[in-house]
Amino acid sequence: MAEATLLEIQDLSKHFEVGRSLFKKKRKLYAVDGISVYVQKGETLALVGESGCGKSTTGRLILNLEQPTGGSILYRGQDLAGYTAEDWKRYRQGVQVVFQDSHSSLNPRKTIRHILTSAMFSSGTIARNKPQVAEERARALMAEVGLKPAETFLAKYPNELSGGQRQRIGIARALSTNPDLIVADEPVSSLDVSVKAQVLNLLDTLQKEKGVAYLFISHELSIVRSIADRVAVMYLGKIVESGPVGEVFEAKVHPYTEALISATPIPDPDSTRNKKRIVLPGGVPSPMDPPKGCPFHPRCFRAEAKCATEVPPIVEVAPGHHAACHFAAERFAAFGGTGNPAPQSTPGNQAPSAE
Amino acid sequence: MSSITHTEANAQTQAEPILEIRDLITEIRVPGRALRPVEIEHLVVPRGQVVGIVGESGSGKSMTAYSILNIFPTAAAHIHSGSILLDGVDMVSAHENERVKIRGNKVGMVFQDYALSFNPVITVGNQLMEQLLTHGRHENAKAKVLSVLDEVGLSAEVFSRYPHELSGGMLQRVGIASALVCDPPLIVADEPTTALDVTVQAQILELLKRIQKERNLSILLITHDLGIVAEICDLVYVMYVGQIVEHGTVHKIFKSPSHPYTQGLLQGASSVQSVGTHEIRVAIQGSIPGLTEIPSGCRFHDRCPHTMDICRSKQPGFYEVDGLMAACWLHDAEHSHG
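If you read the sequences in order, they're chains A and B. My numbering numbers the first residue of the first sequence as 1 and each following residue consecutively. My numbering numbers the first residue of the second sequence as 1 and each following residue consecutively.
These are computed hints drawn from the structure, not numbers from a lab. Where hints are given, some of them may not hold.
[Claimed, not checked] Computed beta-carbon distance windows for the label pairs:
| id | chain 1 | residue 1 | chain 2 | residue 2 | range |
| --- | --- | --- | --- | --- | --- |
| 1 | B | 122 | A | 148 | 51 to 57 Å |
| 2 | A | 133 | B | 335 | 40 to 46 Å |
| 3 | B | 251 | A | 205 | 34 to 40 Å |
| 4 | A | 136 | B | 305 | 31 to 37 Å |
| 5 | B | 135 | A | 148 | 53 to 59 Å |
| 6 | B | 41 | A | 140 | 46 to 52 Å |
| 7 | A | 189 | B | 251 | 27 to 33 Å |
| 8 | B | 291 | A | 148 | 22 to 28 Å |
It should be emphasised that the depicted structure is a prediction, and the values quoted were computed from it without experimental measurement. Backbone N, C-alpha and C define an ideal beta-carbon position, used for all residues, glycine too.
Sequences are here, hints too, so could you generate the full structure?
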């Protein structure tokens with residue numbers, strides 16, 4: 001693992017101070033609360049969760065757009081905290097980003113040519129006195145992201161392009177520095193179904209060709225399921241379950257994973273109507289005042305007395321498959337023992353409240 | 001659906017539908033010309049059923065909803081021609097005074113984004129009361145609002161709260177309460193769960209299903225999410241660039257779609273369901289055209305994998321294929337080649 005590990009996050013935290021005023025005591029918002037996760041070369045790690053769970057903040061911490069309040073990020077084994085200017089330059093070439101909203105992340109006053117070449121110049125990928133090299137590279141990138149003819153698209157402004165085309169420009173810009181990791185924050189969420197498949201397919205092809213790794217941040221489980229190698233499920237700033245995508249989606253060791261999967265409608269009337277749906281009560285608690293014990297226990301359908309008081313340890317249920325639940329081991333055993341993806345008979349637990 | 005409710009539904013289908021749209025054309029005036037975001041030949045919502053309109057953004061789904069209420073977000077939009085029979089009353093030819101009485105009373109509307117659609121300085125309860133008062137129902141208005149809040153799973157305490165004090169899921173429940181408060185037989189829900197998280201979406205879908213059953217409500221559900229359609233709809237209309245391209249029962253649409261656009265949409269949606277295959281089938285090339293660049297002939301022809309000559313020149317009519325109605329030349333005996 002150590003050799004192939006590209007990025008390693010250890011016990012990373014980001015606490016925002018909010019509501020600070022003369023008379024009020026300042027409060028802390030626990031956006032990311034002690035997460036540990038790694039990305040290997042050429043793989044896709046998906047970070048899933050609902051809004052406010054801290055998945056985007058994690059992405060921003062990795063991109064150095066926010067400063068962590070605790071823990072460390074290691075890129076190729078080296079801690080970002082000790083980086084020199086030269087290290088940062090290399091990091092910014094190696095780690096790139098694709099944002100969700102291609103409309104606001106591309107400068108409306110610049111042509112696509114300018115957007116791409118300035119990314120190469122300012123990152124230091126191509127020296128400023130070699131505009132011809134940058135131009136050639138820009139054309140090659142347009143071909144790679146499937147925008148033809150390159151000449152026409154390079155001369156356009158972002159508002160002349162459709163959402164799918166703009167997202168391709170966003171990907172081309174990220175690729176312009178030859179990165180080995182791209183943080184993709186909800187890259188297809190604002191796209192239509194038919195365009196979504198096209199852009200996902202492009203990301204997949206680029207990964208196969210260039211061996212680039214993705215940290216794929218998304219709230220759409222169905223997409224994660226088809227594109228990711230490994231998945232980490234986040235809830236209230238913590239990773240509640242992580243592991244190989246197939247195993248996590250089948251075993252559903254953590255009850256939150258189980259609820260998320262069961263809540264996602266499937267485009268098939270027969271199976272979606274017959275499946276037992278777990279409807280969680282209420283909404284996600286405020287990250288300013290996270291529940292004691294297991295952060296999920298007030299909504300959990302399997303919660304017991306100790307869940308309200310004891311923080312569950314992170315258990316490795318199988319190689320590379322971790323879950324933060326008091327009953328993780330039993331749940332995984334029930335899954336593996338019977339081969340039944342939805343174990344119902346964990347001792348002492350209530351049946352899921354399928355409404 | 002059990003067999004009893006099924007026969008009931010069939011009996012109701014025979015009765016006059018709650019909503020029937022015929023030859024509707026909605027126009028948006030822009031300098032020098034008029035764009036037509038909606039051109040619907042025929043759309044029916046039978047009583048007590050959930051009908052879905054599914055399509056991508058720019059397909060005219062939301063404009064269809066606005067047309068039904070005959071109320072538009074921009075003054076440039078208006079209904080050009082056609083009829084919209086809402087419980088027997090034509091919303092197109094009716095006088096505005098009459099339409100005001102119909103909105104709320106005969107049809108309730110659920111919007112996508114309730115953070116923007118409530119007045120931030122008036123309590124939730126007073127906003128719901130206002131609807132009843134506008135419709136002249138002064139008696140027991142507060143009791144009525146409280147009972148509707150209870151019906152959508154909110155406590156009485158919400159009555160005196162302001163919109164910003166509620167979470168997204170609670171606001172959407174208030175939105176549904178607001179659509180229900182005058183007891184309309186029909187609800188038009190435009191992307192009611194799109195802005196919500198998946199666990200909250202599940203709650204709202206369960207709520208809609210329960211209320212639909214309890215009140216025997218008719219719902220016109222507008223969404224881009226095929227999963228939600230599969231989950232809750234009885235009938236489905238698929239829209240593409242302002243027109244219906246295929247319609248039929250939900251089981252038939254999902255099992256054996258006969259329009260290439262529907263086929264592509266479903267393939268796209270189901271291929272992202274397969275576990276770790278790393279293979280995403282790109283079912284439809286290109287993207288939906290804008291209203292200023294509507295292709296000639298069949299509007300889908302330049303993205304369609306089965307385009308024939310006639311598709312480029314002439315718009316197809318509807319053909320019946322295994323109980324589904326599809327507007328596609330492939331199903332015309334003369335033009336299909338096997």
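Consistency of the hints with the structure:
Restraint check, residue 122/B to residue 148/A: a C-beta distance of roughly 54 Å satisfies the suggested window 51 to 57 Å. The beta-carbon spacing between residue 133/A and residue 335/B, approximately 53 Å, falls outside the hinted interval of 40 to 46 Å. The hinted range of 34 to 40 Å is satisfied by residue 251/B and residue 205/A, whose Cβ atoms lie roughly 35 Å apart. At roughly 35 Å, the beta carbons of residue 136/A and residue 305/B sit within the given window of 31 to 37 Å.
Between residue 135/B and residue 148/A the beta carbon distance is about 58 Å. The supplied range of 53 to 59 Å therefore holds. A C-beta distance of roughly 48 Å is found between residue 41/B and residue 140/A, which places it inside the suggested range of 46 to 52 Å. Between residue 189/A and residue 251/B the Cβ separation comes to about 29 Å, which falls inside the hinted range of 27 to 33 Å. A hinted range of 22 to 28 Å for the beta carbons of residue 291/B and residue 148/A is consistent with their spacing of about 25 Å.
The structure is inconsistent with hint 2 alone, although it conforms to all the rest.
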